[in-house]
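Novice: Given the structure of chain A, go ahead and fit chain B onto it with the hints provided.
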Amino acid sequence: MAFRFIHTADWQLGRRFGRFDDALSGQLSAQRTEVITRIARAAAQHDCAHVLVAGDVWDTTTPSNAVLRQPLDVMGEHPDVTWWLLPGNHDADGPDGLWDRVEARAPDNVRALRVAEPVELEPGVQLLPAPWARIHHGEDLTRWMESAQTPIGAIRIGLAHGSIKTFGTKNDGQASGETAEIIPPDRAASARLDYLALGDWHARAGVNARTHYPGTPEPDRFKTGDRGQVLLVEIDASGSEPRVTDIPTAQYRWPVISATLRVNGHDAGADVERQIEGSAARHTLAEIHLSGETTVAEWAAFEAYLADLTDRCAHVEIRGASSVDLKVVAEDLDALDAQGSVRGAAENLRARRGDMSLSESERQLAGEALRLLFGFAATAEPAS
Amino acid sequence: MKLDAFRFRHVGPFGSEGVSVSGLRPGLNVVSEHNERGKSSLLSALETVLFLPHTSWKGPAKQLGREDGAPMGEIDFTVAGTHYRLSKTFRTGKTAALTNLSTGAIVATKREAEERVAEMLGFEPGSGRGPSGLLWVRQGNSMEAAQDDGQVASRLESELSTLVGGDRARAYLERTEAELGELLTRTGRVKTGGPLQLAEDRLAATEAQLERAQAAADQTRQLGLDLQAVEARIASLQSDTPTDAHDAIERTRAELSTAREARGRLDALRADAARRAAEGERADDKLAAHMAAVQGYDQAQARRADIDAALEDLARTEAEAQTRLSALGEELSALSTARERLERADRASAIGERLAERNAALQDALANLDALQTEAGRRADLVATRDGLAAVTRGDLDALSRLEREREATARDLAGLQVTLILELDTGATATLDGKAISSGPVRVSAASELSLPGGRIRMDAPEAEQLRSTMARLENDAAALLEKLDIESAEAGEAAMRERAELDADIALIDRQIGLIAPDGVAAVEDARDRLATEVERLSEQLNGFEDIAADTDTDPATLARELNRVEGERRAERARAEQLGRDRVRLEVEASNAQRMLANAPLSATPSEREAAIAALSSRALLARQQGEQSRAALDEAQAQAPTDPALIEARLKRLLDAQSNRQDTLSRLEIERTELSARRRQVFDDQDPEAEAERLAEVAVRLREDVAQYRLRANALSLLRDTLRSSQSALQDRYTAPVRAELAPLLSRVITGAEAELSEHLGPTGLRRSGGDDPLERLSGGTQEQIAVLTRLAFARLLARGGQPCPVILDDALVYADDGRREAMFDVLNYVAAEGTDGQPGLQLLYLSCHARATETLGGHVLQLTPWPLSGRE
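Top to bottom, those sequences are chains A and B. Residue numbers for the first sequence follow our numbering, so the first one is 1 and each next one is one higher. Residue numbers for the second sequence follow our numbering, so the first one is 1 and each next one is one higher.
Isolated chain A, as found in the complex:
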């Protein structure tokens, strides 16, 4: 029978969300604990007795007693699962004594992996952890795995936290270490690991067949990439390739949406809406990046759509509105004012917006002023 376990990481318990209002911030914080229950359910559902958390269990090394204790209690509420917790860069086993506190309060089914030495998960299954003892340790903590001795025939599972050297792009995920700290992508092979369970990147990533980042089980920021899942890992025997399955766990989605507006009846709102779909809007925090061009009338309609979307979603952030080119046609000007000076002002602003001799910010400012003017016109009382 294959050895099955849940691979997760980057719970970042205690993380707070100051950019949102207190209510939403509280809900998001609470979900970081609630997701443990969903993970436990997934483990139970897939008959997993072990959940391996690859670092950054807590967001800081100094969580309050409540933030420390409550997740431990949640884990204790699922005694069929053994929770293996690895100190990461956010919750390093350093002078703050976090892991002393954890061990002092942890229920029996929670194990803190504070020493880099093999631990037997089950007979024939050896876990090789690479705990962080300080934030900047300046070395590859997985190096020891190469020389780690385990019983012959045992499944060797590495558990580590950090970035893979050649993986991803600079701006993707959470690059946490200096060059010396970067984990070699072939560590699984060099250390004869059947599986290397990594943490640190909040987006899901598979480095190779034996090396994976599960991403955070509950998203916490507007970033691209899959987030909000744990990995079900099945290893039939030492040396066999593991089977890795994504299991969604997130309550909230944080989609980053690109909406390109176009003239001639294109419904940008529908584009956005399609990207919102898949989760309850009230559990969606959307960051919408606008670009393109639009007419005065279409912009008014799109603004109305965005207003509605904002009401429906947990949170909506609009980026780049001022960069959207407002196409002003003669009809717009006529609608604005059939008489002279207002039209002249609108044309002046439109000319400034298109004047490439001006700076980008100046052009955007002109566009914003133009948008304001049409906004006034749209909401003004009919001229008498």
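Among the hints, erroneous ones may be present.
Said to hold, decoys possible - Short derived list, chain A residues pointing at chain B, Cβ under 7 angstroms:
1. Thr-62
2. Asp-96
3. Ile-182
4. Asn-348
5. Leu-349
6. Glu-368
7. Phe-376
These are computed hints drawn from the structure, not numbers from a lab. We treat Cβ as the ideally placed atom computed from N, Cα and C, and that holds for glycine.
Specialist: What follows is chain B alone, placed relative to chain A:
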């Protein structure tokens, strides 16, 4: 439009007879009437009939109302060559009709008629006023009426095909400014209480909180580091095996014990060596002392013999000295006696000389006293003589002389009382006057005269004579009384007495001076001197009596005697000094003798040579033995010291160090345990509260959001500012285009009145100021007259523009130049005539109606003068 005539009834001062103005021509028409003629009412009526709906009667029209009938009026005008008449009756009448005068047809009635007229004249029907700003320039308020009401503007707009934003543009600008005003002040600063400021304040507060939270996080982190360091130190201290320290201490203690024993032995050897050395020294000392004592005994004996011999010599010498002293004493006594005698002789001689001198002085004093007594006797005689004389003074004599002179004068006055008698004596007859015979002829007689005639006497008498006689008697009495008082018989006797007294006084003074010479200090002083000298003479005489025995001993030379005396005294002093020295020598020798005796008394018994030898041998033997024993002890000590035993102090120091280290380690451990407890407690307290690091992260995100808010508000403020500026700029540019034609039309007119001036116009075409070469003047800074002239000229410019556009409009001026001075008024009159005339360039002339109550002021206006006439009732009325 051109006005042709107008008529009114039951309005203002015009009752049922009505008023009519007709014959208006193109160009300048003038109505010049005094005030009571109702000129202003005429204009109000004209305005009312033109613009007020016939169904209305409100506003200024109400002041026109009368009780004698419904207000009514007719206005004849021409539009596009057609003559019309607008007839209206208000209040109870309420009719309106527009008649084509050319055809006599009623074009429209009531509201339709008014609408047709409004359409032809270009104003809003029912608005109550037409392009009144253009039509009317009222007396004294021309500026108020000069604002265009939009009629001209709209016509110009349509002509120029330009668009101003109008109300919407204003609305957009106002809204922009209003929304901008929420964010910024007029000067561009962030508005207090506005959303931008609130966002900035929130950001600042959050950043401050963030700073504090970061500090708290740092403190917590430091707490962890401190705790870690403390625990590491504790672990390090605890890792040192305490048994090592304990063993080291025990070893050191054993070493110390050994070292202390060695030190004890050494100390005993050292003490023994010292004791032996001391014993040797004492034995040597005893031997030496014995030797010295024997030697001292021998010396004392020899010295005692010497002293005794010296004392004997000394006794002899002292006796000799005493003998010399006695001789010298006798010699000195004799010399002293001689010297005393000499001194007594000198004393007696001095007293004798003094006595002789005092005695001579006494004799002088006695002689002076005799002289004084003589002079005193003389003086007493002279005084007695003087005092026997009458005491007459010069004043007394003068008084007597004055009385005599008065008496003589009185007598002369009495004798002067004379008359001349013509005496005619009979022959033979005699007569006497005052006893003297007189003969015939004139006789001078006085008042006191008595003329004896035969047979009787004639005694003269006169009252003045009596008075004079009385005066004379008084004077004589006074003189007699004074003589009696002075005890003299006559003035001459008084004079003699006075002179004699003076001489006696001179003599007395002479004697006084003599007495003063003899006794300058008075007779008493001379007498005192005499007594004092007598006493002294007596005393000196007595003294001299005591020296009678030495009177003859004058052979000894005092100088020789003094020298001898000094010599003897010197020798005696030297002898005495020698005697004293001999005494001291004797005392010294006696002390030495006593010492020698005492030494001999204390000398050891072994004074005999054999005893001496035996004693010396015994003492020498003991000393030798002691030295040998000392050397043995010293050798033992040196041997022990050569083994160099460890100083116990050194081992004690090491033991102390080890014990201190052990104690310090224990103290440090205790302190670190306390510190760990405190740090742990503090950190536990932190964990009971909020996670400072998480709070800092949260606040950092809040700060990001607030910065975005601020940036959004800033962007909006900047966009609103740009929109505002753009709207203003656009409106201003269009306004310039819009007002340009009016300015162009106004410019030549204005320059005729105010040379080189150019008017500034508002968007409503009203003048806002004047630009001259000297600078810009806002309207309110200009004089009332200038403001009025600009307003009238602007109106004329409007009218010319309209006329040029085919919509001529009359301009009615109601004493509109009341503030103009003569020069300006003349210039304005020129302009009025200029615009009234058709221009060479095809510019149509304006129809002007100039009403004035200043006949003289309009004498030079020119134009066509109109008269007010009654408005006859027609049959229809």
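Novice: All the hints need checking, so say for each whether the structure fits it.
Specialist: Hint check results:
For Thr-62/A, the suggested interface contact is upheld, since its CB lies about 5 angstroms from the closest CB of chain B, less than 7 angstroms. For Asp-96/A, the interface hint holds, since its Cβ comes within 7 angstroms of a Cβ in chain B; the closest pair sits about 4 angstroms apart. Restraint check, Ile-182/A versus chain B: the minimum CB separation of about 25 angstroms is more than 7 angstroms; hint violated. For Asn-348/A, the shortest C-beta to C-beta distance to chain B is roughly 5 angstroms, which falls under 7 angstroms, so the interface hint holds.
Taken as an interface hint, Leu-349/A checks out: its beta carbon lies about 6 angstroms from the nearest beta carbon of chain B, inside 7 angstroms. This hint holds: Glu-368/A has a C-beta 4 angstroms from the nearest C-beta of chain B, less than the 7 angstroms allowed. The interface hint given for Phe-376/A is met, as the beta carbon of that residue sits about 5 angstroms from the closest beta carbon of chain B, less than 7 angstroms.
When held up to the earlier numbered hints, the structure conflicts with hint 3 and nothing else.
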